[in-house]
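Same order as they appear, the protein sequences are chains A, B, C, D and E.
Numbering-wise, our numbering comes out as the position in the first sequence, counting from 1, plus 29.
Numbering-wise, our numbering comes out as the position in the second sequence, counting from 1, plus 739.
Numbering-wise, our numbering comes out as the position in the third sequence, counting from 1, plus 198.
The numbers in our numbering rise by one with no breaks, and the one at position 82 of the fourth sequence is 76.
Numbering-wise, our numbering comes out as the position in the fifth sequence, counting from 1, plus 3.
Honestly, the hints are just simulated from the structure, not real lab data.
Certain hints may be false.
[To be verified] Selected chain A positions facing chain E (Cβ under 8 Å, derived; list incomplete): (1) L142; (2) P143; (3) V146; (4) Y151; (5) L234.
Beta carbons: idealized from backbone N, C-alpha and C, even for Gly.
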Amino acid sequence: MNRRMRLCLVALGGAGLAALFTAAFLRLPAFGGDRHPYGDRAVRAALHRHTANTIASVNFDLRAFDTLGETSILFASVLGCVVLLRQARDEHRARPEPADVAPPVRRYALLVLPVAVLTGLYVVAHGQLSPGGGFQGGVVTATALHLLYLGADYHALERVRPLGAYEAGDALAVSAYVVTGLAAVLAGTAFLANTLLPYGTFNTLSSGGTVPLLNAAVGMEVACAVVVLLARFLDQAVEIEEDSGK
Amino acid sequence: MNGWLLAAAVVLTGGLGAALWGVATGPLRRRAVAQNLATVLAGSGLLLLAQGYDRPSYLDLALVLALLGPVGTLVFARLLADDLAADPPRARAATWATVGVAAATVAAVCAATGPGRAMGKLLVTGALLIGGNLIASRALSGGFGGVRGG
Amino acid sequence: MIAVALLLVAASATAAVATRDPARQALVLSVLGVVLAVLFTTLQAPDVGLSQLAVGAALTPLLLLLTVRKVRRRPRREEDPR
Amino acid sequence: MDVLPYLVAGWVFLAGCYGLATSRNLIHAVGCLSVCQAGTYVLLLAVGYRDGGTAPVFSDLKPGTRPVVDPVVQALALTDVVVGATVTALLLALVVQVAKRHGTVDPDELGELRG
Amino acid sequence: MNRRTNSAALPAAAELALWWTTLAGLWLVFISTVDPLELAVGAGAAAVGALAARAARRAVTDR
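Take these sequences, add in the hints, and give me the full structure.
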């Protein structure tokens, strides 16, 4: 199939899809409408369980099982990246030359790194109250660590990043999620049902039953997963070299 | 639609629109500068939106953007250092104009909030946004001299 | 307000597709991520905006550029990549 | 205004598909795929919007004082963003592997290699 | 020996304490309502941040 024919095919398919989309969009409820039956029920359920952030309540309480699936997707994809980006037999590690970074940038990195770690933890801890949650905070924390690569070099990053610990932390966090779910089963209700803990006072850190626990587990899982993921990519981009051009 | 939202609309249409044009066309150095300025303008826009919707909790977005936006620019400055070194970006006027917009936004929102912890959070966000932007533009114009393998 | 953000998203998405060089596309994608976060704020979805910021502002560009660097660093058999 | 968000979502999705089909570089194709995903986020959130509503986050809002938008689609979009990021990472890892094994990231050249 | 560890430990403790205070102050600025649990979590997060700050500083300067 040559390029021209493929382009024609894409144009045809695109036009068909566009027509179908337009037809479907004209039949959708108008934008900004007032009828959201599921949304209203979800808000009521969240308020009943004293969770201030309804989105966290939906993700970690009503749809907790889906979030388990999502977490496993993340875990599996990190596993896939680790396998795909491992060091092959015909490659060797070359120590990169130390980078020469301007002092202001280095100072900025050293100054902002702890602040960013703190912000990430804040976003995780307040996931059930204000916007945020395990995923967002985890990514912020993990990205913060990589300021060290930007402010210094890869060697400096490797010194504060025991990779094995992060891999273990990743697995541990996923199992913590599952264990929290199983605890509900042992207590005589359904898997991941939020009946185990008291719902607490509305709009405090301990409100929402198991929501904060699951949130923290996901936060840890995401932070560790992103660190491991970026470590593999950095290894490939910076350290690993092929022995000879094939 | 109150004044804050109107101001946000102006900042986003004018500033972010221009930054978008800059990032989509032209040589690499202009794109990198425009990407840096886009994060600052979006940060100011988010501050104005949080004030306009009267939701202090939306400030977390501006805070995270103020932290991660400069990090993103530093990523580009680091990994495109070889391409940028041949043709270093110089955009003093644009950078200072954007910083001015951000500072004015922070000052206005602070004045509307009044003293207290919320104002402290605003000031931290503003300082991170402006400081990060200045450092990032410094890094773009040759902060990573001679980065080879590292 | 929403319309402004929507049009910005449409424009930056088009620009991201039209930019063929991966390194430059990463720049446009990072702006797209930030613009999407603004749109989500106007659509009253701060949680989604926050995760889009976390992913789009630094993580995706970093991954893309690291891949670009790895691919370029290889000894190339063919002509210059474009 | 009634259908503009939906149309923008469709446009973003189709633009991403076009880029995906005509891409000459696998890294660029992965970027286009993330543009496609952006279209789905816009569609999901547009479905859940309510005029004059605010976010259903009650840390700084008394429940019941203001109308709120639909949290269910927001949770779906959140999952979508996460899965999108992981898909991008996995595909980029595959691209690195392809570049190693075949020495090119142009899909057309890859097709020729296979014969 | 003892004196040397002392002279090394004192600046380390001072550095950690300085970072901890700064970060705990930042946490106080971020949160909206103050209660004991919030303060405890904030203290823990600030400790993690201070350790990260020190580790990062050492990784960059001692090589």
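Hints and how they fare:
| no. | hint | in the structure |
| --- | --- | --- |
| 1 | L142 | holds, 5 Å |
| 2 | P143 | holds, 4 Å |
| 3 | V146 | holds, 5 Å |
| 4 | Y151 | holds, 5 Å |
| 5 | L234 | holds, 5 Å |
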